[in-house]
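Line by line, the protein sequences are chains A and B.
Counting from 1, one number per residue, gives the positions in the first sequence under this note's numbering.
Counting from 1, one number per residue, gives the positions in the second sequence under this note's numbering.
Careful: at least some of the hints might be erroneous.
What the hints assert, rightly or not - Calculated pairs, PhoX-like style, for lysine-lysine (alpha carbon to alpha carbon, straight line, at most 20 Å): (1) B/Lys57 with B/Lys42; (2) B/Lys59 with A/Lys40; (3) A/Lys41 with B/Lys42; (4) B/Lys57 with B/Lys69; (5) B/Lys69 with B/Lys42; (6) A/Lys22 with B/Lys57.
Said to hold, decoys possible - Some chain B residues judged to face chain A by a derived CB distance under 10 Å, without partners named: (7) Tyr36; (8) Glu56; (9) Ile62; (10) Tyr74; (11) Leu96; (12) Pro108.
Calculated directly from the structure, the hints in this document are not laboratory data.
Bear in mind that the values here come from a model prediction, so they are computed numbers and not experimental data.
For every residue, glycine included, the Cβ atom is placed at its ideal position computed from N, Cα and C.
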Amino acid sequence: ETGVTQTPRHLVMGMTNKKSLKCEQHLGHNAMYWYKQSAKKPLELMFVYNFKEQTENNSVPSRFSPECPNSSHLFLHLHTLQPEDSALYLCASSQASFQGMNTGELFFGEGSRLTVL
Amino acid sequence: ILNVEQSPQSLHVQEGDSTNFTCSFPSSNFYALHWYRWETAKSPEALFVMTLNGDEKKKGRISATLNTKEGYSYLYIKGSQPEDSATYLCGGAQKLVFGQGTRLTINP
Chain A
1 ETGVTQTPRH
11 LVMGMTNKKS
21 LKCEQHLGHN
31 AMYWYKQSAK
41 KPLELMFVYN
51 FKEQTENNSV
61 PSRFSPECPN
71 SSHLFLHLHT
81 LQPEDSALYL
91 CASSQASFQG
101 MNTGELFFGE
111 GSRLTVL
Chain B
1 ILNVEQSPQS
11 LHVQEGDSTN
21 FTCSFPSSNF
31 YALHWYRWET
41 AKSPEALFVM
51 TLNGDEKKKG
61 RISATLNTKE
71 GYSYLYIKGS
81 QPEDSATYLC
91 GGAQKLVFGQ
101 GTRLTINP
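Please model the entire structure based on the sequences and the hints provided.
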């Protein structure tokens, strides 16, 4: 138990569906992250939030829309995805990063396995 | 963006043997380096966060060294056990970009 909880753990959706992934942390952290793990590729940073403000968007297509209503919750809204978006989506949290720099360790959730048909 | 590379991509080691693998990164604008262990069906777990050139850190049978001038870090596992089987990730603190990982399998 890392203190970071992701739901759902598995999600199957069609290309025209709208769904959301949820991440919640109870560690008192102020930075939250979305990563994507595709088969045989490195873990890919998508978005970073510090104190609820988005501080990093790693050229992610607009069909992925993050939302951070407070420092404990992070959502990834999914709309008109493509089959190549099928991947494991990992959420993480840490002490706040400064200008993209972070020396505090990340605490990861177990991920949401997404399949787009 | 910090380009992080790890080698080898996969490694099979006999139980009881010691092993090590490498993380390479550009030495300019270094800030910090993270090591994580990622077991199948679990979440990645932090092993070390290293910031200073010459840093050496240890956790049980696992240790790591850091050379920021030449841009590499080594992770060592002494007396490998089956529970050490996992993917080991390293990442740079600049935007926390990760390498592709080293997948370690310990053969009993």
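Each hint tested on the structure:
1. B/Lys57 with B/Lys42: Not satisfied, since the Cα-Cα distance of roughly 24 Å exceeds 20 Å.
2. B/Lys59 with A/Lys40: Status violated; Cα separation ~28 Å.
3. A/Lys41 with B/Lys42: With Cα atoms ~18 Å apart, A/Lys41 and B/Lys42 stay inside 20 Å; holds.
4. B/Lys57 with B/Lys69: 18 Å, holds
5. B/Lys69 with B/Lys42: 34 Å, violated
6. A/Lys22 with B/Lys57: 34 Å, violated
7. Tyr36: 8 Å, holds
8. Glu56: 17 Å, violated
9. Ile62: 15 Å, violated
10. Tyr74: 19 Å, violated
11. Leu96: 6 Å, holds
12. Pro108: 26 Å, violated
Violated hints for the displayed structure, listed by number in ascending order: 1, 2, 5, 6, 8, 9, 10 and 12.
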